[in-house]
Amino acid sequence: MRKLFFSSAQSPALSSMLRVVMLAVALSALWPTHPAAAREAAPVAEDPVVEARLKTLASNLRCLVCQNQTLADSEASLAEDFRREIRTLIKEGKSDDEIVAFLVDRYGDFVRYRPPFKATTALLWFGPLLLLVGGLTVLVITLRRRRATPVEPALSGDEHARAMALLQGSGKDEA
Amino acid sequence: MKRFLPLIVFAVMAVFLAIGLFLDPRKLDSVLIDKPAPAFALPVLNQPRLPPVTLESMRGQVWLLNVWASWCVSCRAEHPLLVDLAGTGEVPIYGLNYKDEDAAALTWLRQWGNPYTMSIVDRDGRVGINFGVYGVPESFLIDQQGVIRYKQVGPFTREDIQTKLLPMVRQLRQNPSQQNPSQPDKKEGA
Numbered sequence: 001m002r003k004l005f006f007s008s009a010q011s012p013a014l015s016s017m018l019r020v021v022m023l024a025v026a027l028s029a030l031w032p033t034h035p036a037a038a039r040e041a042a043p044v045a046e047d048p049v050v051e052a053r054l055k056t057l058a059s060n061l062r063c064l065v066c067q068n069q070t071l072a073d074s075e076a077s078l079a080e081d082f083r084r085e086i087r088t089l090i091k092e093g094k095s096d097d098e099i100v101a102f103l104v105d106r107y108g109d110f111v112r113y114r115p116p117f118k119a120t121t122a123l124l125w126f127g128p129l130l131l132l133v134g135g136l137t138v139l140v141i142t143l144r145r146r147r148a149t150p151v152e153p154a155l156s157g158d159e160h161a162r163a164m165a166l167l168q169g170s171g172k173d174e175a
Numbered sequence: 001m002k003r004f005l006p007l008i009v010f011a012v013m014a015v016f017l018a019i020g021l022f023l024d025p026r027k028l029d030s031v032l033i034d035k036p037a038p039a040f041a042l043p044v045l046n047q048p049r050l051p052p053v054t055l056e057s058m059r060g061q062v063w064l065l066n067v068w069a070s071w072c073v074s075c076r077a078e079h080p081l082l083v084d085l086a087g088t089g090e091v092p093i094y095g096l097n098y099k100d101e102d103a104a105a106l107t108w109l110r111q112w113g114n115p116y117t118m119s120i121v122d123r124d125g126r127v128g129i130n131f132g133v134y135g136v137p138e139s140f141l142i143d144q145q146g147v148i149r150y151k152q153v154g155p156f157t158r159e160d161i162q163t164k165l166l167p168m169v170r171q172l173r174q175n176p177s178q179q180n181p182s183q184p185d186k187k188e189g190a
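From first to last, the protein sequence lines stand for chains A and B. Oh and the first sequence: position 44 is 44 in my numbering, straight run, nothing missing. Oh and the second sequence: position 102 is 102 in my numbering, straight run, nothing missing.
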């Protein structure tokens, strides 16, 4: 069974550590449930359909206390309240859109993890595209200009004559 | 000119990043400004025999709703300012005791003074959600028609009260007729 998880050779230390961990997991299952833990686990006992919808909704909504966490990930007390409200709204037969609208009406678009497309967020959505187009334009202009630059004759007639003279070593200039 | 281009690009980026550095991501624009305050009916702290206070019952006056809790550290910092403000009689302050215990809330008021005309009790935070509360303390200035005119997220500073809140209070008192609240675009869920 263990081979499934650790296919290659294990060190004896790792193997014994694994045994300890597995023992701990097995023991913790036997442990009498702590009251605090029971409170956390309560939602699972509720209607699984409601919980599934809540989970999907909550993973697309922001916890406003810990702003870079979704509602599904957050254990902040406000997030708990949000989940309770969403559960209530689901049981009232509200659609997902209505539930999101309920929160957006109160907290603004920031509560959504996926910003909606509208005038104020247009730059957010099109910004990267604008940067790409800008970069390409600069690239094209630079390349065209480089090609358009006429190749100058390396030396004028007079300079050529002087160079020849130098190469031939007549040494006129040195004198 | 060409030689300075990288420097210019750097300077522009630096300016934007510096602005970003000084923005407070916790301060969100409230969507409720200039919208009717959500309806509520809540009991009065320590006065269980009084009928619940509703938004309707507050009509006709300009009032400040201050969301507070005894567990809220920033509320403690803000509290002396509210006591001072209540003393001036410029605007009545009503407390929304948010997700608190009655006993703890009463002890807190006894200890630090009570600036509130009354405190109403939102034990489970439901009314808080309807007001879009996400960080206590928060304060809402509500006008004669029950429309939210100003919102303060986080504790007031003396400057906020003098330069933002009080001018708004005086303006609302002077021309109560000029209100034209934007209609809420969605039906209320609660």
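Take the hints with a grain of salt, since some may be wrong.
[Unchecked claim] Okay, the calculated bits of chain A under chain B, using three or more residues with CB under 8 Å as the criterion:
no., stretch
1, 59–69
2, 72–81
3, 154–168
Hints listed in this document are in silico derivations from the structure and should not be mistaken for laboratory results. A virtual CB, placed ideally from N, CA and C, is assigned to each residue, including glycine.
Results of checking the hints against the structure:
1. With 3 residues having a beta carbon nearer than 8 Å to a beta carbon of chain B, the stretch 59–69 of chain A meets the requirement of three or more and the stated coverage holds.
2. Taking a C-beta to C-beta cut-off of 8 Å, the stretch 72–81 of chain A contributes 3 residues in contact with chain B, enough for the three needed, and the coverage statement holds.
3. For the stretch 154–168 of chain A, the assignment as covered by chain B is violated, since 0 residues bring a beta-carbon within under 8 Å of that chain's beta-carbons and 3 are needed.
Hint 3 from the list above is the single one not met by this structure.
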